[in-house]
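Q: Counting in our numbering, the sequence shown runs from 52 upward without gaps.
No wet-lab data here; the hints were simulated from the structure.
Heads up, the beta-carbon is just placed ideally off N, CA and C, and yes, glycines get one too.
A portion of the hints provided could be inaccurate.
[To be verified] Below are the SDA-like pairs computed for lysine to any residue, each with C-alpha atoms no more than 20 Å apart in a straight line: (1) K217 to R188; (2) K374 to T400; (3) K200 to L389; (4) K215 to A265; (5) K260 to E358; (6) K73 to G406; (7) K357 to E380.
[Claimed, not checked] Computed spacing ranges between beta-carbons, pair by pair: (8) T400 to A122: 39 to 47 Å; (9) V179 to D443: 34 to 42 Å; (10) A239 to D371: 40 to 48 Å; (11) V316 to D262: 33 to 41 Å; (12) S365 to N53: 15 to 23 Å; (13) D262 to T400: 38 to 46 Å; (14) D392 to E291: 21 to 29 Å; (15) N100 to G412: 39 to 47 Å.
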Amino acid sequence: MNYDLAAVREDFPILSREIYGKPLVYLDNAATTQKPLCVLDAMRDEYLNVNANVHRGVHYLSQQATDLHEAAREKVRGFINARSTNEIVFTRGTTESINLVVSSFCDEFMNAGDEVIVTEMEHHSNIVPWQLQAAKRGIVIRVVPIDDKGELKLDEFEHMLNDKTKIVSVAHVSNVLGTVNHVERIAAISHAHGVPVMVDGAQSAPHFKIDVQAMDCDFFVFSGHKMYGPTGIGVLYGKEEWLEKLPPYQGGGEMIESVSFEKTVFGRLPFKFEAGTPDYIATHGLAKAIEYIESIGLERIAAHEKELTQYCMSQLRSIDGMKIFGQSENKDAVVSFLVGDIHHLDMGTLLDRLGIAVRTGHHCAEPLMHRLGINGTVRASFALYNTKEEIDVLTDGIRRVSRMF
Numbered sequence: 052m053n054y055d056l057a058a059v060r061e062d063f064p065i066l067s068r069e070i071y072g073k074p075l076v077y078l079d080n081a082a083t084t085q086k087p088l089c090v091l092d093a094m095r096d097e098y099l100n101v102n103a104n105v106h107r108g109v110h111y112l113s114q115q116a117t118d119l120h121e122a123a124r125e126k127v128r129g130f131i132n133a134r135s136t137n138e139i140v141f142t143r144g145t146t147e148s149i150n151l152v153v154s155s156f157c158d159e160f161m162n163a164g165d166e167v168i169v170t171e172m173e174h175h176s177n178i179v180p181w182q183l184q185a186a187k188r189g190i191v192i193r194v195v196p197i198d199d200k201g202e203l204k205l206d207e208f209e210h211m212l213n214d215k216t217k218i219v220s221v222a223h224v225s226n227v228l229g230t231v232n233h234v235e236r237i238a239a240i241s242h243a244h245g246v247p248v249m250v251d252g253a254q255s256a257p258h259f260k261i262d263v264q265a266m267d268c269d270f271f272v273f274s275g276h277k278m279y280g281p282t283g284i285g286v287l288y289g290k291e292e293w294l295e296k297l298p299p300y301q302g303g304g305e306m307i308e309s310v311s312f313e314k315t316v317f318g319r320l321p322f323k324f325e326a327g328t329p330d331y332i333a334t335h336g337l338a339k340a341i342e343y344i345e346s347i348g349l350e351r352i353a354a355h356e357k358e359l360t361q362y363c364m365s366q367l368r369s370i371d372g373m374k375i376f377g378q379s380e381n382k383d384a385v386v387s388f389l390v391g392d393i394h395h396l397d398m399g400t401l402l403d404r405l406g407i408a409v410r411t412g413h414h415c416a417e418p419l420m421h422r423l424g425i426n427g428t429v430r431a432s433f434a435l436y437n438t439k440e441e442i443d444v445l446t447d448g449i450r451r452v453s454r455m456f
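Start from the sequences and build out the full structure, keeping to the hints where you can.
A: Dropping the structure here:
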């Protein structure tokens with residue numbers, strides 16, 4: 052299951068730079084990953100040689116750019132095993148994908164008193180859009196609790212479903228706890244009550260194989276920049292029958308069949324949801340990132356990152372005063388922790404002086420912090436290019452910082 056880690060690291064030149072005279076140890080991958088040369092080269096080449104607006108042009112460059120853009124859509128379709136490219140909508144990222152579903156779904160299907168179910172471990176991007184709709188139209192947000200290991204209480208979830216439940220929206224993997232949720236079971240329970248499910252895959256798509264048909268979710272969202280692709284590009288997968296029912300999220304060019312001052316006929320899927328000029332350079336970059344991931348192999352990546360996660364947990368547990376948040380056996384690529392009474396910001400700042408890049412704070416999950424009884428953590432998160440030696444550097448750095456306090 053191994054791959055040539057040294058060769059992979061050469062694809063990411065930033066990993067060889069120094070920070071404050073120390074070799075960079077980049078452990079902030081849950082926030083964003085670094086980009087391999089093949090992605091950067093592909094985007095630069097398209098800007099230099101193929102740059103033209105897509106879909107509308109009859110000239111050669113426009114047709115070539117359109118071909119690359121739609122090839123990227125097919126690449127994404129295959130990556131998550133969607134049935135059709137009609138089910139693949141390009142957005143600016145996970146956040147916009149969620150907002151699209153929330154806005155359009157509520158416009159069409161939700162009224163005052165109707166309920167959405169989310170979980171206690173959600174990112175703000177899967178909380179705030181629902182709150183905006185609660186303020187606007189009076190929908191009700193219900194929250195699935197977690198246990199002390201950081202796992203969802205699915206028995207309680209099942210009892211929460213009722214005639215007013217219109218949709219369930221859940222993170223595939225917690226960006227704080229690393230818990231991998233049983234989304235297949237959640238989808239089965241929800242569908243038994245006639246309720247659709249949206250899955251936030253921002254923290255799962257980079258790490259292990261996604262099969263939306265096997266998962267049987269109705270919507271799945273993720274971002275390019277967390278999986279070695281460019282920023283500003285994301286994906287909304289939606290079952291075709293659901294996307295057909297939803298009204299457009301935005302209006303403008305590209306998403307229309309015909310327009311008069313009396314009436315507009317919207318375009319076919321997926322273009323109904325893609326108003327304006329798309330970031331066709333970024334879609335090409337995303338396709339190259341997927342090709343890069345697939346060239347290494349998602350099974351190999353998943354095995355490597357699981358090994359890193361387990362190694363990190365075992366090493367950190369040897370540090371006095373260490374508290375790790377998220378103890379699920381089904382845990383992936385994220386380790387959040389605090390040491391004694393050391394503030395997470397102090398720990399992260401001092402680790403930075405040692406060349407170690409980690410994340411500190413509430414990680415856009417303040418309700419989860421409230422549940423845990425803390426105001427933030429230090430978070431180390433892993434990618435396909437990280438090594439056990441880097442975790443050793445992290446462990447030594449934490450010990451060094453701890454001695455200062």
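Q: Output the indices of the hints that this structure fails to meet, ascending.
A: Structure breaks hints 4, 14.
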